[in-house]
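Participant: Protein sequence lines, in the order shown, are assigned to chains A, B and C.
Going by our numbering, 222 is the number at position 222 of the first sequence; the sequence numbering is gapless.
Going by our numbering, 134 is the number at position 134 of the second sequence; the sequence numbering is gapless.
Going by our numbering, 288 is the number at position 288 of the third sequence; the sequence numbering is gapless.
If you are wondering where the hints come from, they were derived from the structure by calculation, not from laboratory data.
Quick reminder that beta carbons are idealized off the backbone N, C-alpha and C, glycines included.
Please note: incorrect hints may appear among the correct ones.
Computed list of lysine-lysine pairs in DSSO-like fashion (alpha-carbon distance at most 30 Å, straight line) [as the list claims (entries may be wrong)]:
no.: 1; chain 1: C; residue 1: 281; chain 2: B; residue 2: 74
no.: 2; chain 1: B; residue 1: 356; chain 2: B; residue 2: 185
no.: 3; chain 1: B; residue 1: 288; chain 2: B; residue 2: 74
no.: 4; chain 1: B; residue 1: 99; chain 2: C; residue 2: 281
If we take Cβ atoms under 8 Å as the criterion, some of the chain A residues that face chain B in the derived model are [claimed, not checked]:
no.: 5; residue: 122
no.: 6; residue: 123
no.: 7; residue: 134
no.: 8; residue: 135
no.: 9; residue: 218
no.: 10; residue: 253
no.: 11; residue: 259
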Amino acid sequence: MDFASVLVIEILGSIAILVLISIGLAVVFGMMKVINMAHGEFLMLGGYVAIYGTNHAGLNFWVSALILAPLVVGLVGLALEWLVIRHLYGRMIDTMLATWGISLALIGGMTMLVGNTTTGIPTPLPSVSIGDYSVSGYVIFLIVLALAVFAGLFCLFKLTTFGLQARATTQNADMVAALGGKPRRIYALTFGLGAALAGLGGAALAPLTGVIPTIGASYIAKAFITVISGGAAVIAGNLSASVLFGSVGQIFTYVYTPVIGEVALLVTAIVLIRILPQGITGRFFKRSI
Amino acid sequence: MTMNRRQALGAFGAATALSLVSSRAFAQEGPITVSALYDQSGGLESYGQPIVDALRFAVDEQNAKGGLLGREVKLNVYDPQSNMQLYAQFARQAALSDKPAVVFAGITSASREVVRPIMRQFNTLYFYANQYEGGVCDRNMFATGVTPGQTVEKLVDYSVRNNGGKVYIVAADYNYGQIIADWVKKYTADHGGEVLGVEFFPMDVTDFKTSISKIQAAKPDYVWSALVGGAHISFYRQWKAAGMLGKIPMSSTTFAGGNEHVILTPEESDGIMVCQNYLQELENPLNKQFVADFHAKFGADYPYITELGMGAYQGFRLWAAGVEKAGTIERQPVIEALETGISIDAPSGRVTIDPKTHHTTMDVHIARVENGGLIPVETFEQQPPADTALVCDLIANPDDNQQYVIDF
Amino acid sequence: MTRVIQPALLFAALVLGLLAPGWLELFTIYEFTAYLIMAVLALSLAFVWGKGGIMCLGQAAFFGLGAYAWAVGAINFGPGLAALAISVAVPAAFAAVLGYFMFYGRINDIYIGVITLAVTLILFNLINSTSGPQYRIGSALLGGFNGMTGIPTLAWPNGMPLDPAEIFRLTVIVIVASIVAITLYLKTTPGKTAIAVRENEVRAELLGYNVAQSKLITFTLGGALAGLGGCLFANWGAFVSPTIFSLVQSAQIIIWVIVGGRGTLIGPILGCIALQWATTKLGTQQVVQVNLVLGLVLAFFVLVVPQGIVPMVTGLLRRNSRTGPKAEAEQNA
Chain A
1 MDFASVLVIE
11 ILGSIAILVL
21 ISIGLAVVFG
31 MMKVINMAHG
41 EFLMLGGYVA
51 IYGTNHAGLN
61 FWVSALILAP
71 LVVGLVGLAL
81 EWLVIRHLYG
91 RMIDTMLATW
101 GISLALIGGM
111 TMLVGNTTTG
121 IPTPLPSVSI
131 GDYSVSGYVI
141 FLIVLALAVF
151 AGLFCLFKLT
161 TFGLQARATT
171 QNADMVAALG
181 GKPRRIYALT
191 FGLGAALAGL
201 GGAALAPLTG
211 VIPTIGASYI
221 AKAFITVISG
231 GAAVIAGNLS
241 ASVLFGSVGQ
251 IFTYVYTPVI
261 GEVALLVTAI
271 VLIRILPQGI
281 TGRFFKRSI
Chain B
1 MTMNRRQALG
11 AFGAATALSL
21 VSSRAFAQEG
31 PITVSALYDQ
41 SGGLESYGQP
51 IVDALRFAVD
61 EQNAKGGLLG
71 REVKLNVYDP
81 QSNMQLYAQF
91 ARQAALSDKP
101 AVVFAGITSA
111 SREVVRPIMR
121 QFNTLYFYAN
131 QYEGGVCDRN
141 MFATGVTPGQ
151 TVEKLVDYSV
161 RNNGGKVYIV
171 AADYNYGQII
181 ADWVKKYTAD
191 HGGEVLGVEF
201 FPMDVTDFKT
211 SISKIQAAKP
221 DYVWSALVGG
231 AHISFYRQWK
241 AAGMLGKIPM
251 SSTTFAGGNE
261 HVILTPEESD
271 GIMVCQNYLQ
281 ELENPLNKQF
291 VADFHAKFGA
301 DYPYITELGM
311 GAYQGFRLWA
321 AGVEKAGTIE
331 RQPVIEALET
341 GISIDAPSGR
351 VTIDPKTHHT
361 TMDVHIARVE
371 NGGLIPVETF
381 EQQPPADTAL
391 VCDLIANPDD
401 NQQYVIDF
Chain C
1 MTRVIQPALL
11 FAALVLGLLA
21 PGWLELFTIY
31 EFTAYLIMAV
41 LALSLAFVWG
51 KGGIMCLGQA
61 AFFGLGAYAW
71 AVGAINFGPG
81 LAALAISVAV
91 PAAFAAVLGY
101 FMFYGRINDI
111 YIGVITLAVT
121 LILFNLINST
131 SGPQYRIGSA
141 LLGGFNGMTG
151 IPTLAWPNGM
161 PLDPAEIFRL
171 TVIVIVASIV
181 AITLYLKTTP
191 GKTAIAVREN
201 EVRAELLGYN
211 VAQSKLITFT
221 LGGALAGLGG
231 CLFANWGAFV
241 SPTIFSLVQS
251 AQIIIWVIVG
261 GRGTLIGPIL
271 GCIALQWATT
281 KLGTQQVVQV
291 NLVLGLVLAF
301 FVLVVPQGIV
311 PMVTGLLRRN
321 SRTGPKAEAE
331 QNA
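Chain A extracted, bound-state conformation (with noise of 0.2 Å):
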């Protein structure tokens, strides 16, 4: 029974990973329709705000992954929105393969600043016991996490007048802009914010993994299954696919190893693209955000 539980924490904590890595690139190709290559850099940067915020500015580990990582990596995002994704709206291919650029270019750019090796912290929280077993806290922490960042986005996009534009955006730019709406400001914001829960993910991530320059290479496939098969819909979206391949991926790697895991989840999602091309909110909760 007790292992039951510890199952159960780890499947909700696989879920939990796969909300944070993805529901920044979720927010940037649902309400833009861009495909952002350069999200597993950011997830990336995020890391290192909170690794050297921690141990080179001295500041505590909570502060620097839950306030400085975002802060920090939404305003890269909006500079490259401004520098390079708004030369290419529209053109969904030519912006994915701009981002890609930048992707490789971040990940040279901290090789060169900060060396091509593995840094990291260590886990902030203690272990936590369950009859004979233990898990670690930090799993615990992070199934918290992704719940709140789900309600965060929820009351923004329902609650807050820029979460009605930009709802409205994504619907229709030309009507929002006839209405008096800034279409092109709605779209930088969004892109900014989406940086940001990059950069709050790979923060919370850091102590889990570490962080090397090259790390965003080993988020990025998940994330873009997660985001493609969730659909349009944000946060249903993102929400149901996490589910789906989260408890996929952790219970194969539970019967089988890691590996294999990773190639159900994946292969899993082709199925999946296969049978719903829209993803799953383009059939199911169509309404939803």
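Using the hints provided, position chains B and C relative to the given structure of chain A.
Facilitator: Relative to the frame of chain A, chains B and C by itself:
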């Protein structure tokens, strides 16, 4: 501004004179090139950087003594970035365009198996200076690191005596990890123990929480780690985060090879047992002198002189001894000189080439990780490469060229 | 004019390529053979993406499969024609299955990019975890992370393996022959259909062409050519490892094609050779990181020169950019 011919000649003469002054210790023949291929980035850098530092140290030391056969030794270092394709490319480049007297290359067994055939093809002497899984039998290669017969056996024995016989193995998923896991199984069976589970992880895996739960469910007496590389450091962090450090003991012959004990905090690593040929803490006068000299060159805050670094240093010293004995850098005479069973007194103790296997006989030490250092616990003197000696005899079969693996 | 000049230049390139090994040092031959082998890969994507309009981000998958198939085939059946056939057939079959799944499923552009990329990563993960002795095909061990080493080199029927100069020449022949074959193919009905589908998928379909089938053919042929490149690669290095399926490898192919020029065949080949030469030079110095440069180059080209260098130059030279590459062909040596 123009320069007439006489001025030009004068300037040239001055430059030549200067270079003569700076290298007057060396004869006219030009330097001896030694090529080195070690990962200094891309995931295995925590192993590669100390090795390159130790090699530079060894070369500088040799040159300070007046070089080798009166010639300066020049070190050409390549960084294959933990990428096997670059190993293939640089190994060719080294062999064909540097025309080196010897090549020191490869950390993982994967990279060794890329480099070894290339060196054989181009008749270039090859030194592989790391601890590895043993069994390579190739007259063109000398292995100056420890093998499982020297370390794994001792550490399994120690762990069974102190913790009990039930072991759970976690290992890196490539030939080194696979073969080490087999050796641990064999020695565990020899000591009447039992292997409860074996798990292999690709080198880029960073998520170990499921395995940690599986280990908890299996309830072993101790865990054997043959994890390798920067990503796998996460295992030790997550092991601590799950509250397992100290609850279930851990033994490893790879831990500390990549400075894991320095990268991790003491709270994350204290108490892990390792078994190595060299520890920076060894209390012998040669080693104290070595550490002092090394720190004088690289700074007293140098993280740790790793076993792999020492392997390269000792490998270079052995090769240099072979060259001096042969009186030439030609490949065949040097191999024959080394096959006379050359030995040196190194910081880790006496190191002797075993002519039959081209491996080395040396001391090994079991140590406990404590506060970022390795505290020696038990010493086993002059251990022969018993595992490789079972299968490999290059004196009887000089044309042998393969890696033997254990078979149960 | 072009009708005469183009074949003439191609022929000159062929002759130059066949003679070059006589003048070069062994190491230079090795280095340039690697560039040319990658150029085969670039050419395959130039065909699939530039001519067929299918944005395949995972062309490295077919290249890698070709290399692995050669290794397995050569170890089991000897390094002859049988192994060569296997090394082209396996990636082509894989491309056909994957393509069937995607094109008949009517998956659109972006998703094709993502799926091909994901498939490449799956292959990477799978191959990476085959290091145990149980993963063998016939007498060939797959080797996992280590990859496969000591792969036999293609041999003449009398059993003599090809020497480096001969592999260089073989690669030159493959490139020139592929250019000729693709050019001729594009003049046939299926070739013209492929172009029509690229230009306007809906219109082609409404005119009664079988779009899915046309795409499938293009994709499969491209996979076969990439596989042939992989086979040459395994012959060049006598070694193959899972990094062949890596993300960076896939990105590089895209960059070669974009920089050289998407719609042309010569452009990607030149882009590939130039960029590889540049990255090798960059790789030997420790100041600027290769990825940084490659990334900036890619972003710059997408933003500023989206059509690529060759079409830009030919466009400047002649008003009509459709007549194809002319000025650059002579550099293709």
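Participant: Taking each numbered hint in turn, which are not upheld by the structure, reported in ascending numerical order?
Facilitator: none
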